[in-house]
Amino acid sequence: VNWIMNLQIRIPAGAKDHLETQTVPVDEGITIHTLMPHMHLLGKSMKAVVELPDGKVKPLIWVDDWDFNWQLQYALKEPMHVPAGSTIRVEAIYDNSADNPRNPNNPPKRVKFGEQTDHEMFLMVMGYTVDGEKLRQGR
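Numbers in this note's numbering are just positions in the sequence shown, counted from 1, shifted up by 1005.
A hint or two may mislead.
[Claimed, not checked] Cβ pair distances, simulated, as ranges:
(1) Gly-1090 - His-1038: 44 to 50 Å
(2) Thr-1028 - Lys-1117: 17 to 23 Å
(3) Thr-1134 - Thr-1028: 20 to 26 Å
(4) Leu-1077 - Gly-1119: 43 to 49 Å
(5) Asp-1123 - His-1038: 31 to 37 Å
[To be verified] Each computed BS3-like pair below joins lysine-lysine, with the alpha-carbon atoms no more than 30 Å apart:
(6) Lys-1061 - Lys-1049
(7) Lys-1049 - Lys-1117
(8) Lys-1049 - Lys-1021
(9) Lys-1114 - Lys-1082
(10) Lys-1114 - Lys-1049
Simulated from the structure, these hints should not be mistaken for laboratory data. We put the CB at the ideal spot given by N, CA and C, even for glycine.
Working from the sequences, and respecting the hints, build out all of it.
Spelled out as structure tokens, the structure:
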């Protein structure tokens, strides 16, 4: 399991479509099996793609209407092989405006990464295997 996180997120007060990103290099071939996006109440959408060494981009997941109360782990219908030299890119959009009915802050205030619900998170939990390794029992 790899937790792709951006601990440095800073969402300005009043921002309606604030973008945060995180990229992770893939140093050895892997096969991705599951993905679980996680944000809090300001989350609007989250997506992840694989940027291959040849420049092609493959989509992994896109939750385009985030709901904090409906957080799921998604299993890929077909596990995706990702070669060494690729990059995984995760993008999240947050709504920290007064128009967001889920915003816990009235009036909106600057929000950063944190575990409390009135803070925010940027997390993509990725379940994968390293190519060529056998899955061990008990993991």
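request  = Taking the numbered hints from earlier one at a time, note which ones the structure violates and give those numbers from smallest to largest.
outcome  = 1, 4 and 9
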